[in-house]
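Novice: For reference, the chains in residue letters:
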Amino acid sequence: MLVKRRSKDASRSGLAAFAQNVAAKPVDRRSFLRTSGLAVGGLAAFGAIGATTVQRAEAGMMDFSQPVEVKTNICTHCSVGCTVKAEVQNGVWVGQEPAWDSPINRGTHCAKGASVRELVHGDRRLKYPMKKENGEWVRVSWEQAIDEIGDKMLDIREKNGADSAYLLGSAKFSNEGAYLFRKFAAFWGTNNVDHQARICHSTTVAGVANTWGYGAMTNSYNDIRNSKTIIFMGSNAAEAHPVSLQHILTGKETNRANVIVIDPRFTRTAAHATDYIRMRPGTDIAIIWGIMWHIFENDWQDQEYIDQRVWGMDQIREAVKAYPPEVVERISGISGPELRRVAETFATQGPATFIWCMGGTQHTVGTANVRTYCNLLLATGNVGSNGSGANIFRGHCNVQGATDFGLDIGSLPCYYGLSEGGWRHWSRVWDVPYEYLQARFDEVPAKGGRDARDRQANMQMAGIPSTRWFDAATLDADDVDQRDNIKAMIVFGHGGNTVPRMGDSLKGMNALDLLVVADPHPTTFAALHDRPDNTYLLPISTQFECDGSRTASNRSVQWGEKVVEPIFESDNDYAVIYRLSEKLGFADEMFKPYDMVQGKFSMEPTAESILREINRGGWSTGYTGQSPERIKAHMANQDKFDLVTLRAPADAEEVGGDFYGLPWPCWGTPEFGHPGTHILYNPNVAVKDGGGGFRPRFGLDREGETLLAEGSYPVGSEIEDGYPQFTYGILQSLGWDTDLTADELATIQRIGNNDPEAMAKVSWSLDLSGGIQRVAIEHGCVPFGNGKARAVAWNLPDPIPVHREPIYSPRPDLVADYPTREDGRQFRVPNIGHTLQASAVDRNLADSFPIVLTSGRLVEYEGGGEETRSNPWLAELQQDMFVEINPTDAAARGITDGGWVWVNGPENDSKARVKALVTERVASGVAFMPFHFAGWFQGEDQRGNYPAGTDPIVLGESVNTVTSYGYDPVTGMHEGKVTLCQISAA
Amino acid sequence: MNMKTLAQRFVAVLGVVAMLGVAGMAFTPAAQAQQINPTAESVTEDALLQALQEGDKIEGRVSIPDDLSSGLIKPGNASWASTHTGTVRFLTIAAVVGAVVVLALFYMIRGRIMIDGKMSGIRILRFTAIERFAHWLMAGSFIVLALTGLNLVLGRTMILPWLGEGAFSTITVWGKVAHNYVGWAFMLGLILSFLVWVAHNIPNKVDAEWVAQGGGLFKKGVHPPAKKFNAGQKVIFWATTLGGAALSFTGFMMLFPVLAGTQADWQFYQLIHGIVAAGLSFVIIAHIYIGSIGMEGAFDAMGSGEVDLNWAKEHHSLWVEEVQGKADPADPPAKGTQPAE
Amino acid sequence: MARMKFLCDADRCIECNACVTACKNEHEVPWGINRRRVVTINDGLPGERSVSMACMHCTDAPCAAVCPVDCFYTTDDAVVLHSKDTCIGCGYCFYACPFGAPQYPKVGNFGTRGKMDKCTYCAGGPEADMTEAEYVKYGSNRLAEGKLPLCAEMCSTKSLLAGDGDIIAEIYKERVVTRGYGSGAWGWRTAYGDAITV
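Chains as they are written, first to last, in this note's numbering: chain A, 701 to 1686; chain B, 277 to 617; chain C, 10 to 207.
Since the hints were derived computationally from the structure, they do not count as laboratory data.
Certain hints may be false.
Claimed, not checked - Using 20 Å as the maximum straight-line C-alpha spacing, the simulated EDC-like pairs for lysine to aspartate or glutamate come out as follows:
1) K93/C / E441/B
2) K124/C / E441/B
3) K859/A / D1184/A
4) K156/C / E769/A
5) K156/C / E797/A
6) K115/C / D85/C
7) K156/C / E787/A
8) K333/B / E141/C
9) K785/A / D203/C
10) K1615/A / E582/B
11) K156/C / D801/A
Extracted from the complex, chain A is given alone in its bound form (with noise of 0.2 Å):
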């Protein structure tokens, strides 16, 4: 689109007035260095540390007589992947400049993404390891920490057990940093192992892997461009997948597409809809329903697509009659004639695709919403082809990476599941005996009325969500359904203001006998408390200062290379996590596979290593393909791969006829060339050039059907009809086992046990040979099966989604019909929801606290925002935390704009000091905060509780110190989304 300068005297002419000035104005080293901020000066400010590991990249201007290296890399903040162009010199990151060859961002960026050179920067960085002692910071050596740290993780481990220590990993990860964490815990013995899809998309992935097969975003967003009808349904993509609106919005211009925008709050995407309808908070089953009623209503739906490929959908259609016009409006706000032509819209207007976030998951039905969107897809036929599909943005650069590789208290790397088959393949994979690690995990007591566990049924049971990890550490030790209470966290690059409840989560930090927090800045969890002891910093660098790969929303796995050395005396997580490990006596056989290289301060695997391993092991979710010298490839041919296919042309070098980043599944191994799938769950393209059908994970048939498909199969398929998982056996009766090598069928047989019965059950996920994978797809058949969705999901807590009110309800009227799900037990830890929101309604809550609270993103901040708010380029454009308040809600209590305000949250007499930002983006009654603030408490500044130096440029109350309660039964989410306030001007 941008126009290239055109001629110009010659003076000023580009590169041949480079080459004259490069010969005419040499400037020496000494005097780049000073521009660069490297100079003596720079090092003297931290005279006791060692010039070579200190690095003050402060960088100005290039040099133009230096050579400069250009390096790639990926943003490191939303999930959308950006790549981004580093320009350095002498090991300076001194320009940044635009990728246009990157199919996804065609060389532009957010405010985040051009800002990101500052990172490297980092003047707010946590410059080296610090410990507590008597309540000061006090800076350590990486050694004493380590061996402090180390030393109280295995005391811990001692009086408490392995489960006492709660390892929260992070979607800044690497996939190599992320499975390496996940083996981490699963050496160290425990599966308290978590990251931050816990509080975005847990529920997305619960709720779809649950209906289909697998928990990703089906299509992505360059096919977006494809789409004829676009929902966003709680996603404000503008401010939180800014490059994602490129395509979104050249789609609607060139298809004049409908973008239909769903959400309680005026947003900047709504700004560029076509339809803005306005719904109240947490009504979003509701809503839907409301959609099908009138789908089925006027026979809109796709009878065939619903024949072929689903299952159930007929009790969803006696379900949905429970949500006629009428019963909707009352519950949602929405009228008829609204969801009517939505309705309409959304199936006679196709392509379609469905685009959900936070807005949706962050509930305690967040499962059921994330369902219901499915059903809306299935039923109008809009999943498996291009311009449909379930478009879930994902939050942070590696969250898809990171969730993919098991940091989850549910499952294994690839979402191999903590039964003993899944661990079998890892510890086959990792190469150290099943038992080994089943020695790892801590034998529980019984109590509280419950059975006892042996290390076995331990180690196969569910950890407890980062969402209530401080109940865990506070609650009664009966109450909690492990040996004892969380006693050590051990937080990578988590914030520790993302999740509700903060007073409670003060209370869990001082009772910690542990606290570590490794990141490159200190984060709430080193300032939110005053713990005199036991809390250690230790500095991170970020995925710039490393190699590593990391996977984008649409699966696209991107290589992102070191741009420069970790800056001051930070490391990358690799090293630290073999430290750790070392320390705690199990890095010889943790890290045995890997290639082991000198580090900065010590040894550490590398990256590639890493990922061969992953390649190895990654066959259920088609991790085996991308080989780091595949994806480095990629990117280095990004203008190879079209826009909208994002295919790559078959006669193109290294990467002919492949997808751009070998979006998952890129099945067999990577000598069999897969191209990566484009689209998931797609039977308009053969298996091996990314077509698929649904995944039967979930038995034959039920209720006397089948759940196979019936008549729907990729192209090229030799199987025309729906079939089962791929095993062995299923080749043997095929006939088709005569196709394995030799070597693939010896691996067969090892894994096995030469046992013919085992043998057969060997499937497409266990083989490590690749072979069945190989096999299946060149007879044009799926690995995993071929089969329908499932529009009822018998084995959740809502088999059919019903609308529950909110814990903390504006409407006390609804509650009685919609009440939220009993009490129960989830997760090791007590859910008390329904008692809460009985007890609401029975003191009239909602009369002192009128007004319903919901949170989100702001473009410049992310996540926690520490690392953003470090940022001056990006500080600078949000000040001050805020409340959006309705015109109508702040007159009446005479609020005004840019005026101090207190929120009052319902529980515990939360509350929070925020400017007001009058506006009509929200209705009346319903108010707005961002998520991304922290460093204030209750009205008190805590700037002085960061170690000097490090404290964020922009401070202010977060949100989540008046959200409350709430709590999804299937994922442990939060409700982030809906809580009440009352507000006054302070």
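Following the hints, complete the assembly by docking chains B and C onto the known chain A.
Specialist: Same frame as chain A, now just chains B and C:
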């Protein structure tokens, strides 16, 4: 919500209604009533520009805490620019050149106004040291201010070509500094002179006669009576006082923009400052002329403070009588007009 | 010779502020100086539009007309630049600019604004191209490198266009024809005396 937002919403609603009218029967009536289509309702630059009042701006919300940056397009700024480069520059040139031309003509026609009765040799005190201090404080600072101010308006066309960019910028920077600080001296002088002279500058009947006779400027030997200050001098006094006050106030506001209000206020003050400065320059040039080469004996009043008695009798007969009357109370006060000797 | 212009297609602008931070990044612009900013009109209401605004490099630029020391000059590419060596920080250009482009390092009491700073269209200043002296005062000189302003190059939705005025006008026209709506080439009428008619 202010009126403008309401108006904009009203326009937006009208737009939707019109659009739906065109869309016609494709929708059910209920759907028509409810659809919010932000794309179709988008504001357009054309509509906003057309609705813009003179001096108003298209503005919105910005997240940075800088109110000035919330203005998007302000066409009025260009009209300030054209007034500044047009009217103000023209008036300034007209004032300076006009004053010189008028005085040159006057000099050619009238010549220097001499003391008709020759010097008497008797000198009487006309201005005390305090009065002279006030005058020269004001006069000196005014000259600095006028020259540095004129430089800002005219220097670019008249001086820059001679000095070149570098040197001109240097003197202009120093000129700006001088202008900003010398202004305080001017204000002090202005206040002092006002205090010491205001009582003598209240217009009265004598002034009417003086004016009727053209101050005796245009005819030799004509000397209308005057007290300490004649009507012409009163004009200068009031022009200086009022003009100076206006310059001081507007100058002060430009020095402290935070106090001054919005950008429109700054622009207003700047224009007033420029125009008043042009006018006052005209007056002061005339004053300098008549106080120096234009009239024999006049300069002494502010030089030594003592003037020749004959000069005083010719130009300030009533004042002389007052002064001498004080010394000799027997002398009756002057009544009515008297021919000058 | 190309006539460089900016055009913000407000129907694409999502107020992501990439243009703002790209500018900060490219030129190391200090806190408090905003060479480019995004203004949202009718915020929160249907009809809301955001526009990214910086110096528009006007035809017959009013800033240049009022500058008492004539520190502005127009390059062959029609980029309006200024000399900080000559600038006396009087503030007239800020009064004259219809777009609020001129910025000053200080608040400006007592006439102490400091030297004016503004968008250079990534074309540096009067110093020799791509030198440290030029960079320190004006930031980098992308035009001399054969590149366009980074704000436009990095615009998330390709809303902000930079390049030859005729060509970007053509791109904008094509978009309006394709999609059937357009809120206008914001600032063009004021800066260049003509609007784009489709």
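Novice: Against each hint, give a clear statement of whether it holds in the structure.
Specialist: Going through the hints against the structure:
1. With a C-alpha separation of about 12 Å, the suggested pairing of K93/C with E441/B holds against the 20 Å cut-off.
2. Restraint check for K124/C and E441/B: the C-alpha separation of about 16 Å stays at or below 20 Å, so the hint holds.
3. Under the criterion of a C-alpha separation no larger than 20 Å, the hint pairing K859/A with D1184/A is consistent with the structure, at around 9 Å.
4. Of the pairs offered as hints, the one joining K156/C and E769/A holds, with about 18 Å between alpha carbons and a cut-off of 20 Å not exceeded.
5. Between K156/C and E797/A the alpha-carbon distance is near 10 Å, which keeps this suggested pair within the 20 Å criterion.
6. Restraint check for K115/C and D85/C: not satisfied, since their Cα atoms lie roughly 31 Å apart, outside the 20 Å limit.
7. Restraint check: the Cα-Cα separation between K156/C and E787/A comes to about 15 Å, which is no more than 20 Å; the hinted pair holds.
8. With a CA separation close to 39 Å, the supplied pair K333/B and E141/C exceeds the 20 Å bound.
9. With a CA separation close to 37 Å, the supplied pair K785/A and D203/C exceeds the 20 Å bound.
10. A threshold of 20 Å between alpha carbons decides the hint, and for K1615/A with E582/B the separation of about 69 Å lies outside it, so the pair is violated.
11. The straight-line distance between the Cα atoms of K156/C and D801/A is roughly 16 Å, inside the 20 Å bound, and the hint therefore holds.
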